[in-house]
Each structure stands twice: as structure tokens, then as C-alpha cells.
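Each residue of the sequence shown is one higher than the last, beginning at 1 in full-length UniProt numbering.
The set of hints was computed from the structure by calculation and includes no laboratory data.
Among the hints, a few may not be true.
[Stated by the list, open to error] Label pairs and their calculated CB-CB ranges:
1. Gln29 / Thr5: 19 to 27 angstroms
2. Glu12 / Trp68: 13 to 21 angstroms
3. Glu62 / Val24: 37 to 45 angstroms
4. Val30 / Val61: 26 to 34 angstroms
5. Glu71 / Arg37: 45 to 53 angstroms
For every residue, glycine included, the Cβ atom is placed at its ideal position computed from N, Cα and C.
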Amino acid sequence: MKQTTITTRDLECLEHMRNVGRLVGELMQVQDCTTVRPDPAQQLQLTSVIYLMTAQLDGVVERCNQRWLAEETRV
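Could you build the full structure based on these sequences and the hints that come with them?
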């Protein structure tokens with residue numbers, strides 16, 4: 001089985017999502033420490049960011065899988 005190549009674009013996307021994930025985690029910690037009841041608007045924003053990050057990760061995985069399948073069919 002050959003290793004799948006990850007492009008520079010994939011790495012940049014993963015790095016960006018890692019940074020956003022850290023920010024979301026920090027925001028959630030601050031919110032937990034400062035409020036008894038979370039602000040619904042902020043909760044919605046955090047949920048949206050998590051959804052977008054998941055969609056981006058799905059895209060990276062799909063591109064890697066497509067390259068892997070393309071390599072398999074060439075063999």
C-alpha cells in the first residue's frame with residue numbers, strides 16, 4: 001500500500017483548523033469561567049465554527065482519499 005501525499009494546501013488547511021480549534025477551546029473555557037448561563041448567540045457562533053471546521057476536515061480527507069484511489073487504480 002502506497003502512502004498518500006498530502007499537499008501544501010492540505011497542510012495549510014489543517015494548520016488553520018488547528019489554530020481555530022485552539023481559539024474555540026479557549027473561548028469555551030473563558031465562557032465557562034465567566035458566565036453562569038452561556039450566551040445563545042455565542043453558542044451558535046461556536047457551533048457554526050465547529051461545523052465549518054468539520055466540513056474543511058472532510059474536504060481534506062476526501063482529497064487525500066481521491067488521490068489514494070487514483071494511485072491504486074494506476075497500479
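Quick rundown of the hints versus the structure:
no.: 1; hint: Gln29 / Thr5: 19 to 27 angstroms; result: violated (36 angstroms)
no.: 2; hint: Glu12 / Trp68: 13 to 21 angstroms; result: holds (20 angstroms)
no.: 3; hint: Glu62 / Val24: 37 to 45 angstroms; result: violated (23 angstroms)
no.: 4; hint: Val30 / Val61: 26 to 34 angstroms; result: holds (30 angstroms)
no.: 5; hint: Glu71 / Arg37: 45 to 53 angstroms; result: holds (52 angstroms)
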